[in-house]
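Each chain, letter by letter, is given below.
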Amino acid sequence: MGRILKELRPVYVVGIGLHRYQRASEKTYVELGLTAIREALQDAKIEWEAVESSYVGTAKLGMAAGRAMLRHLGTTGTSITHIENASATGSSAFRQACIEIAGGFSDVALAVGVDKVDPMPRAFEKNGIKDLASDAIVPFTHFALLAHDYMSRYGVTDEQIAQVAVKNHRNGALNPYAHRQKERTLDEVLSDDPISGSFTRLQCCPIGEGASAVIVASEEGIKRFGIDPSRAIRVSASVSRSERVYEPGAGFDAELTRETTAIALKEADITVKELDVIEFHDAFTIEELLYVESLGLCGPGQAPHLLAEGAMDIGGQVAVSPSGGLLAMGHPTGPTGLGQIAEVTRQLRHEAGPRQQPKARTGLAHMVGLGSVCVVHVLQRP
Amino acid sequence: MIDQIALRPSVFSIRGTEELPDRPSLKGCQCKCGYVFFPRQYFGCESCGRFGDDIENIEMSGRGKIREFATVHRSQRKDLPAPYIVATIVLDAGVVIRGLLDVTDEKQLSIGQTVYSTLSSVGRDEDGREIVDLRFSINQSN
Numbered sequence: 000m001g002r003i004l005k006e007l008r009p010v011y012v013v014g015i016g017l018h019r020y021q022r023a024s025e026k027t028y029v030e031l032g033l034t035a036i037r038e039a040l041q042d043a044k045i046e047w048e049a050v051e052s053s054y055v056g057t058a059k060l061g062m063a064a065g066r067a068m069l070r071h072l073g074t075t076g077t078s079i080t081h082i083e084n085a086s087a088t089g090s091s092a093f094r095q096a097c098i099e100i101a102g103g104f105s106d107v108a109l110a111v112g113v114d115k116v117d118p119m120p121r122a123f124e125k126n127g128i129k130d131l132a133s134d135a136i137v138p139f140t141h142f143a144l145l146a147h148d149y150m151s152r153y154g155v156t157d158e159q160i161a162q163v164a165v166k167n168h169r170n171g172a173l174n175p176y177a178h179r180q181k182e183r184t185l186d187e188v189l190s191d192d193p194i195s196g197s198f199t200r201l202q203c204c205p206i207g208e209g210a211s212a213v214i215v216a217s218e219e220g221i222k223r224f225g226i227d228p229s230r231a232i233r234v235s236a237s238v239s240r241s242e243r244v245y246e247p248g249a250g251f252d253a254e255l256t257r258e259t260t261a262i263a264l265k266e267a268d269i270t271v272k273e274l275d276v277i278e279f280h281d282a283f284t285i286e287e288l289l290y291v292e293s294l295g296l297c298g299p300g301q302a303p304h305l306l307a308e309g310a311m312d313i314g315g316q317v318a319v320s321p322s323g324g325l326l327a328m329g330h331p332t333g334p335t336g337l338g339q340i341a342e343v344t345r346q347l348r349h350e351a352g353p354r355q356q357p358k359a360r361t362g363l364a365h366m367v368g369l370g371s372v373c374v375v376h377v378l379q380r381p
Numbered sequence: 000m001i002d003q004i005a006l007r008p009s010v011f012s013i014r015g016t017e018e019l020p021d022r023p024s025l026k027g028c029q030c031k032c033g034y035v036f037f038p039r040q041y042f043g044c045e046s047c048g049r050f051g052d053d054i055e056n057i058e059m060s061g062r063g064k065i066r067e068f069a070t071v072h073r074s075q076r077k078d079l080p081a082p083y084i085v086a087t088i089v090l091d092a093g094v095v096i097r098g099l100l101d102v103t104d105e106k107q108l109s110i111g112q113t114v115y116s117t118l119s120s121v122g123r124d125e126d127g128r129e130i131v132d133l134r135f136s137i138n139q140s141n
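Protein chains in written order, with numbering that gives the first Met the number 0: chain A, 0 to 381; chain B, 0 to 141.
Calculated directly from the structure, the hints in this document are not laboratory data.
Misleading hints may appear alongside valid ones.
[Said to hold, decoys possible] Distance windows between CB atoms, simulated:
{"#": "1", "chain 1": "B", "residue 1": "K31", "chain 2": "A", "residue 2": "R223", "range": "54 to 60 Å"}
{"#": "2", "chain 1": "A", "residue 1": "G315", "chain 2": "B", "residue 2": "I13", "range": "53 to 59 Å"}
{"#": "3", "chain 1": "B", "residue 1": "E17", "chain 2": "A", "residue 2": "G309", "range": "17 to 23 Å"}
{"#": "4", "chain 1": "A", "residue 1": "E6", "chain 2": "B", "residue 2": "Y34", "range": "34 to 40 Å"}
{"#": "5", "chain 1": "B", "residue 1": "S119", "chain 2": "A", "residue 2": "R22", "range": "19 to 25 Å"}
Even glycine gets a Cβ: it sits at the ideal position worked out from N, Cα and C.
Sequences and hints are given; from them, build the entire structure.
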């Protein structure tokens, strides 16, 4: 049997930085990435020379993006490794940096996610297996179909599902790094351009450009570089799983999330009730409701009620997607999972300003990626 | 019928099954372990890892029930203008697939409704033969 993160050296998030997620601009990815990394270094109050290893998460830039960006921080000759894991790219870059610290290979490591709005060549379409209509059923339609199933199964309306977008845009309006920073009424969400099934544009995440950087350190690293331990956030679980064969027609995203989050809670030795903050892969409104149920916050079909009661709001029982989530903060892909870690860290440090979930101590970040893969982290305020 | 050719011949057959001869059939596989899957591939069984001769071809009848559906307003395929309607269908064989419906208004649809495979003309090849793709129809008569 392998070992879990908590059995190894403790890992702490000590620095976070972002470049705002936004529509495609003239900026190069180098500028986006450097902005996020320099902010993270400044946040940790360390110099670049302290970083012993870097994981660069990018899904779209292509080969060898890392050194072409990192060399402008002053070359140090340290390890650079690129990570691609579809939507979970940033989450996996973070996980590798955590493993490196936990395993004792480094005392300070960087995970950075950066992407531009580039075409995404999809290897899974090159398997030579022809399908009936998969090229006509892209992710927004996959989830629109799941939304239709959910509505009919539990007697839920499209208005109830659209409320996820209302909440997440309200949170995103308070986040200076969010792609969409405008509050939206239910009417605005429902009357926006139709995309697929009951989804309008505002129920689908924007895919723009941006960057997120997270610096992790061991206790030795924190001591050696004089990092403020009171702002360090412990990484208590890191779990990565992939899809298996489920019952015919089972929602594989929800099933995979169920098993991955259950392992993460067990590894962190906490119950779901202890979570104060959650960042989910809410690329489409229905996902947040499905994953709230997969995680076990409520029973099947109950998530819309939890949402309507305000239990998922900032200030509620558990703040779900306080950053605005993928729906409002955005989904530039490589950066997304790391942006979640940055938000959870900010919340647990009690530095989230108007988005602050009161007394937040424990948070969870969840991404699924095409394939499907699922990566979940639990963070705790020591 | 002779002048028709399937757009994706590895996915469906213009000929029906013994059980449902008048409807195009879908080409699936069954592994020795019992796992039935679609579309067809021999790289290996997702359930147990067996491959090659342990995987048998099966023909699945073109009939099933709608589990959920959606009208798609944004198309990513040049040959398929939006809006179009897709559905998740539980085939009589028990396999769950997703396909395009030969329906223009989703008001005609309901969950649990029976649908039948049908051929839809999508163009002609250089020899003038009609190229057909598989759709699902709510009409029992072909």
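Review point. Which of the numbered hints above does this structure break?
Key: Going through the list in order, the structure violates hints 3 and 5 and respects the others.
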